[in-house]
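Peer 1: Sequence:
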Amino acid sequence: MKSITMKRLAFLLIALLITVSLSAWDVGGYLDNTTGLAKAPVGAVGRNGTPIVVLPVQSATIAAWLYHSFGLWSLDAQGSYTYDYPPVTKWGLLDLDRLVLGGAFPAEAGGARSLGFQIGRMQFSDSTGYVLDHSLDGLKLNIGWTASSFSAGVATSAVIQKPSSTIVMSNLDVEALGANPEDDPEIYSPFAPPKLIATAEFQARSLVAGQDLTLGAVVQEDLRPEAQLTPEFETAFDPTGGGGVMDTQYLSLMLSGGITQGFFHRTYYTLNTGRTLTYRSDADSITGSSYQYTPIFGHLAGLELSYFLPQVLNSRIRLGGQFSTGDADSNDYYDGNTNELATSFVPISASSYSDVFTLQPGNSGHVAVSYSLRPLSGIGLDILQTELSSVSYFRSMGGGPVSEGAVDATEDGAYIGTDIDLKIVAQPFSDLRFVLAGGLFLPNAAVMTTGNKKVDYQFTLQGVLRF
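Under our numbering, the residue at position 86 of the sequence shown is numbered 86, and the numbers go up by one with no gaps.
Heads up, some of the hints might be wrong.
Claimed, not checked - Lysine-lysine pairs mimicking PhoX-like chemistry, simulated, CA-CA at most 20 angstroms apart: (1) Lys90 x Lys162; (2) Lys39 x Lys423; (3) Lys39 x Lys453; (4) Lys454 x Lys39.
What the hints assert, rightly or not - Pairwise CB distance ranges (calculated): (5) Leu177 x Leu101: 26 to 32 angstroms; (6) Val208 x Gly43: 53 to 59 angstroms; (7) Arg113 x Glu411: 53 to 59 angstroms; (8) Gly46 x Gln427: 36 to 42 angstroms; (9) Val208 x Asp284: 51 to 57 angstroms; (10) Pro106 x Arg280: 54 to 60 angstroms; (11) Gln161 x Thr386: 33 to 39 angstroms; (12) Phe191 x Ser390: 34 to 40 angstroms; (13) Pro181 x Gly405: 22 to 28 angstroms; (14) Ala64 x Gln427: 18 to 24 angstroms; (15) Pro181 x Ala446: 37 to 43 angstroms; (16) Gly79 x Thr450: 40 to 46 angstroms.
Just so you know, the hints here were simulated from the structure itself, not pulled from any lab data.
The beta carbon of each residue, even a glycine, is placed where N, CA and C say it ideally should be.
Kindly produce the complete structure, drawing on both the sequences and the hints.
Peer 2: Quick look at the structure:
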């Protein structure tokens with residue numbers, strides 16, 4: 001009898017310990033499914049060889065996350081499985097989205113209000129979000145004062161899975177992303193192009209008239225092995241593009257804050273320096289030309305305005321513009337410079353400005369406008385939101401190559417086209433959301449390549465369930 005009682009007591013103690021342990025952990029997940037239709041790419045054919053006009057769009061993701069706080073430390077992790085059609089990988093993508101060990105420590109003794117430290121896989125971004133916004137493996141340090149803060153970090157993309165990467169800076173990066181182990185064993189890797197990236201940012205809040213001033217710096221070093229590089233001063237031209245290391249640096253200045261009640265702005269400028277390998281004139285070469293490292297000197301600037309009208313169905317009006325320098329003598333978006341100075345802006349990771357068509361910084365600019373409202377807010381319901389947006393793209397040099405191959409680099413003309421998108425977001429419950437989206441890209445046929453001169457489109461329905 002005593003033995004049975006002791007066993008029951010031990011069982012209750014174990015159950016209590018498990019309950020207490022689990023209660024200290026926050027766990028959850030989500031299901032995210034997107035289904036739709038899009039215009040098929042030029043030359044797309046089915047399994048029987050017949051041309052495809054409309055392409056189905058399908059993406060399904062299941063993710064699980066956990067968060068645990070223990071004293072001054074915390075652990076935050078998320079993993080996911082995604083299957084896309086057309087498939088990115090044969091069996092889908094199983095990925096570690098986030099794994100962060102963080103610490104928050106008192107810092108009054110040093111004159112600061114907070115001191116934070118994070119290590120693991122997490123999101124890194126520059127001050128603007130248009131140079132770098134990507135998941136990387138590394139560490140961050142954050143120091144906070146009453147009216148200012150400083151953060152610094154160092155990270156690498158070397159073990160980010162290739163399908164999860166949007167880092168493409170050179171022809172070698174393009175080749176590596178498209179390589180497979182059977183045909184390209186010398187350059188194939190299952191991981192993203194290897195980069196070492198360091199960031200630093202200082203922000204002064206409410207410096208003048210409620211304006212926040214942000215100063216940022218990013219340094220990116222190409223870690224590609226020397227065996228994959230075209231040697232400097234090589235005289236034979238490589239028609240596939242060749243390639244050396246692409247090392248870049250960025251200095252950013254941003255001012256943001258309110259102008260009047262409900263009216264806000266974000267104004268930014270980034271200077272891009274670095275070096276790129278260029279095939280250009282060389283008086284000492286037997287061919288008259290050779291591959292030489294050339295300095296980069298590019299610029300990115302933008303303005304974003306937001307006006308909120310809560311009394312008019314919680315309306316919001318946005319107007320923005322961005323400009324990035326190009327290169328007058330460039331013959332390719334990647335490594336295309338042919339002179340002694342490369343002036344095209346080179347971002348680290350890709351940005352998305354609209355749903356159907358988008359251009360990356362570098363010989364590009366755009367003007368964007370959007371209007372959103374909550375049509376049921378007048379009766380006290382905020383479960384529905386609609387947004388109509390438009391982005392018009394142009395080439396800053398009036399011609400030449402851009403990030404999208406659908407634009408003909410040999411045809412002059414600044415205006416490329418306009419992307420128009422409509423989104424309807426319904427969120428009947430806090431953990432359930434639906435997004436119905438439709439978009440059209442109206443191209444300037446005079447500057448588009450054959451097969452890309454007609455209207456492009458995409459329509460999708462997304463459902464997200466959190467648990």
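Peer 1: Between Gln161 and Thr386, does the C-beta distance stay in 33 to 39 angstroms?
Peer 2: Distance hint for Gln161, Thr386 holds at roughly 35 angstroms.
Peer 1: Just tell me: holds or violated, for the beta carbon distance of Pro181 and Gly405 against 22 to 28 angstroms?
Peer 2: 25 angstroms, holds
Peer 1: Below or equal to 20 angstroms on CA atoms is what counts here, so check Lys39 against Lys453.
Peer 2: Holds, at roughly 13 angstroms.
Peer 1: So does Phe191 sit 34 to 40 angstroms from Ser390, Cβ to Cβ?
Peer 2: At roughly 37 angstroms between Cβ atoms, Ser390 and Phe191 fall inside 34 to 40 angstroms, so the hint holds.
Peer 1: For the pair supplied as a hint, Lys90 and Lys162, is the alpha-carbon distance within the 20 angstroms limit?
Peer 2: Given pair Lys90, Lys162 holds - Cα atoms ~14 angstroms apart, limit 20 angstroms.
Peer 1: Hinted pair, alpha-carbon criterion (20 angstroms max): Lys39, Lys423. Please report holds or violated.
Peer 2: Since the Cα atoms of Lys39 and Lys423 sit roughly 18 angstroms apart, the hinted pair holds (cutoff 20 angstroms).
Peer 1: Quick check on a hinted range of 54 to 60 angstroms for Pro106 and Arg280, using CB atoms only.
Peer 2: 56 angstroms, holds
Peer 1: Taking 26 to 32 angstroms as the stated bounds, is the beta-carbon spacing between Leu177 and Leu101 within them?
Peer 2: 30 angstroms, holds
Peer 1: Just to be careful, I want the Cα atoms of Lys454 and Lys39 compared with a cutoff of 20 angstroms; is the pair within it?
Peer 2: Holds. Lys454 to Lys39 sits at ~10 angstroms (cutoff 20 angstroms).
Peer 1: Using the C-beta atoms of Val208 and Asp284, is the stated range 51 to 57 angstroms upheld?
Peer 2: The hinted range 51 to 57 angstroms holds for Val208 and Asp284, with Cβ atoms some 54 angstroms apart.
Peer 1: Measuring from beta carbon to beta carbon, are Ala64 and Gln427 in 18 to 24 angstroms?
Peer 2: Because 22 angstroms falls inside the window, the suggested range holds.
Peer 1: Has the hinted range 53 to 59 angstroms been met by the Cβ atoms of Val208 and Gly43?
Peer 2: 55 angstroms, holds
Comparing the model with each earlier hint shows no violations; every hint is respected.
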